[in-house]
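Q: The listed protein sequences derive, respectively, from chains A and B.
Numbering-wise (numbering that gives the first Met the number 0), the first sequence opens with residue 0 and increments by one.
Numbering-wise (numbering that gives the first Met the number 0), the second sequence opens with residue 0 and increments by one.
Don't take every hint at face value.
[Said to hold, decoys possible] Which chain B residues face chain A? A few, computed with CB under 10 Å, are given here: (1) Asp22; (2) Ala32; (3) Asp35; (4) Ala64; (5) Thr67; (6) Ala78; (7) Thr94; (8) Ser128; (9) Val156.
[Said to hold, decoys possible] Calculated lysine to any residue pairs in the SDA-like style (CA-CA distance at most 25 Å, straight line): (10) B:Lys20 - A:Val90; (11) B:Lys100 - A:Pro96; (12) A:Lys80 - B:Met103; (13) B:Lys82 - A:Thr89; (14) A:Lys5 - B:Arg102; (15) A:Lys82 - B:Lys100; (16) B:Lys100 - A:Lys5; (17) B:Lys20 - A:Asp88; (18) B:Lys178 - A:Met86; (19) A:Lys82 - B:Arg102; (20) B:Lys100 - A:Asn16; (21) A:Lys5 - B:Pro83; (22) B:Lys5 - A:Thr85; (23) A:Lys82 - B:Gly101; (24) B:Lys80 - A:Met86; (25) A:Lys20 - B:Asp105; (26) B:Lys82 - A:Leu14; (27) B:Lys82 - A:Ala142; (28) B:Lys82 - A:Ile185; (29) B:Lys80 - A:Lys118; (30) A:Lys82 - B:Ile18; (31) B:Lys82 - A:Asp105; (32) A:Lys20 - B:Ile18; (33) A:Lys100 - B:Thr85; (34) B:Lys20 - B:Arg161; (35) B:Lys165 - B:Leu92; (36) A:Lys100 - B:Pro83; (37) B:Lys20 - A:Ala142; (38) B:Lys5 - A:Gly72; (39) A:Lys5 - B:Pro87; (40) A:Lys100 - B:Arg102.
Honestly, the hints are just simulated from the structure, not real lab data.
Quick reminder that beta carbons are idealized off the backbone N, C-alpha and C, glycines included.
Single-letter residue listing:
There are 2 protein chains.
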Amino acid sequence: MLELIKRIRSDGRNLGNGILKVDGFINHQVDPALMDACGRELALRFANVGATKVLTAEISGIAPALTTAQHLGLPVVYARKSKPITMPDTVFLTTAPSHTKGRMVDLIVSPEYLAGGEKILIIDDFLASGATIWGLVRLAQAAGATIVGIGTLIEKVFEGGRELLKPIGVPIESLAVIKSMEDDQIVFDE
Amino acid sequence: MLELIKRIRSDGRNLGNGILKVDGFINHQVDPALMDACGRELALRFANVGATKVLTAEISGIAPALTTAQHLGLPVVYARKSKPITMPDTVFLTTAPSHTKGRMVDLIVSPEYLAGGEKILIIDDFLASGATIWGLVRLAQAAGATIVGIGTLIEKVFEGGRELLKPIGVPIESLAVIKSMEDDQIVFDE
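Let the sequences and hints guide you as you build the complete structure.
A: This is how it looks when you write it as structure tokens:
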């Protein structure tokens, strides 16, 4: 998606070690118009997979998942990283390594909002190692739900997430695909 | 705002001790159409305050802040609760007690995205004790920015947040105002 690629080219920063800083428009400050355009595009790409719900992980998955869900006319559930007091005693919980935090984090979904028979479209900001998304897949499977698609804003192909997720056998779509980040460059697969 | 009040009446739950569960449409599962309507209404109420940026706190402030910012055509910044590796070494940080977590949490904003001279509209899901919003006010003031308005989805008047924030001297708007939650009731101020 050219609009997103252009924005990463102008405002993204390669911090080294595969870390892409997009804090100015996705991860800390958010550009709502860009996020809406990304949601519209993801909704278009997954228009025919029969999703009944969008699933994401807090925190930075919320914005793209919300706009995608809005364009698909679906509810969105975000997995929590800690269990709020409003959640029931018994929940679906899995742990996944966090790339940006350098530690394991919990991903928690209440069975109230993830049920058997649901067709789940997973949306997140990044597809890197795929560990967070794989955690969301496990949560959905624990609930007896079916994954029907995986969509992200930015994919770093050199971190292998797509290979990890391929066996699930669902469409995987990313709006900006980065082939390499060596030598301070950001090289897109266009 | 009648649409939100109706939804709280049908799907909200009074868990006692002033805890209102809205996990089915705001805090865990999100209804994007409702959130868009709330954002449109908040944007309307703050159309004339001259805001240049919307500020909120992760996690559950993100959805209403994003839709409000979208309707105002402004960027939105969400204060982080932990400092990601993409953030500069020196940041604005304050601590505030979290009602739902029962402990102090950090609120962190990068000086890259909160600058002197900005006119800040604060949006959050709840106005309860006002402690989180007061923390956001301190962050904005530390940056030399000016607060021009405070908007929330749900206000629990009996927790006193409005009195705490009143001295700031800006408009405070809430879309659903709850007067009392005694005896399993949810009594709105309509």
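Q: Does each hint fit the structure? Answer for all of them.
A: Structure-based check of all given hints:
{"no.": "1", "hint": "Asp22", "in the structure": "holds, 5 Å"}
{"no.": "2", "hint": "Ala32", "in the structure": "holds, 7 Å"}
{"no.": "3", "hint": "Asp35", "in the structure": "holds, 6 Å"}
{"no.": "4", "hint": "Ala64", "in the structure": "holds, 8 Å"}
{"no.": "5", "hint": "Thr67", "in the structure": "holds, 9 Å"}
{"no.": "6", "hint": "Ala78", "in the structure": "holds, 9 Å"}
{"no.": "7", "hint": "Thr94", "in the structure": "violated, 17 Å"}
{"no.": "8", "hint": "Ser128", "in the structure": "violated, 15 Å"}
{"no.": "9", "hint": "Val156", "in the structure": "violated, 20 Å"}
{"no.": "10", "hint": "B:Lys20 - A:Val90", "in the structure": "holds, 16 Å"}
{"no.": "11", "hint": "B:Lys100 - A:Pro96", "in the structure": "holds, 23 Å"}
{"no.": "12", "hint": "A:Lys80 - B:Met103", "in the structure": "holds, 16 Å"}
{"no.": "13", "hint": "B:Lys82 - A:Thr89", "in the structure": "violated, 30 Å"}
{"no.": "14", "hint": "A:Lys5 - B:Arg102", "in the structure": "violated, 41 Å"}
{"no.": "15", "hint": "A:Lys82 - B:Lys100", "in the structure": "holds, 9 Å"}
{"no.": "16", "hint": "B:Lys100 - A:Lys5", "in the structure": "violated, 40 Å"}
{"no.": "17", "hint": "B:Lys20 - A:Asp88", "in the structure": "holds, 14 Å"}
{"no.": "18", "hint": "B:Lys178 - A:Met86", "in the structure": "holds, 24 Å"}
{"no.": "19", "hint": "A:Lys82 - B:Arg102", "in the structure": "holds, 13 Å"}
{"no.": "20", "hint": "B:Lys100 - A:Asn16", "in the structure": "violated, 34 Å"}
{"no.": "21", "hint": "A:Lys5 - B:Pro83", "in the structure": "holds, 24 Å"}
{"no.": "22", "hint": "B:Lys5 - A:Thr85", "in the structure": "holds, 20 Å"}
{"no.": "23", "hint": "A:Lys82 - B:Gly101", "in the structure": "holds, 12 Å"}
{"no.": "24", "hint": "B:Lys80 - A:Met86", "in the structure": "holds, 20 Å"}
{"no.": "25", "hint": "A:Lys20 - B:Asp105", "in the structure": "holds, 21 Å"}
{"no.": "26", "hint": "B:Lys82 - A:Leu14", "in the structure": "holds, 15 Å"}
{"no.": "27", "hint": "B:Lys82 - A:Ala142", "in the structure": "violated, 32 Å"}
{"no.": "28", "hint": "B:Lys82 - A:Ile185", "in the structure": "holds, 24 Å"}
{"no.": "29", "hint": "B:Lys80 - A:Lys118", "in the structure": "violated, 32 Å"}
{"no.": "30", "hint": "A:Lys82 - B:Ile18", "in the structure": "holds, 15 Å"}
{"no.": "31", "hint": "B:Lys82 - A:Asp105", "in the structure": "holds, 18 Å"}
{"no.": "32", "hint": "A:Lys20 - B:Ile18", "in the structure": "violated, 37 Å"}
{"no.": "33", "hint": "A:Lys100 - B:Thr85", "in the structure": "holds, 10 Å"}
{"no.": "34", "hint": "B:Lys20 - B:Arg161", "in the structure": "holds, 21 Å"}
{"no.": "35", "hint": "B:Lys165 - B:Leu92", "in the structure": "holds, 23 Å"}
{"no.": "36", "hint": "A:Lys100 - B:Pro83", "in the structure": "holds, 7 Å"}
{"no.": "37", "hint": "B:Lys20 - A:Ala142", "in the structure": "holds, 22 Å"}
{"no.": "38", "hint": "B:Lys5 - A:Gly72", "in the structure": "holds, 20 Å"}
{"no.": "39", "hint": "A:Lys5 - B:Pro87", "in the structure": "holds, 24 Å"}
{"no.": "40", "hint": "A:Lys100 - B:Arg102", "in the structure": "holds, 21 Å"}
In summary, the numbered hints that this structure violates are 7, 8, 9, 13, 14, 16, 20, 27, 29, 32.
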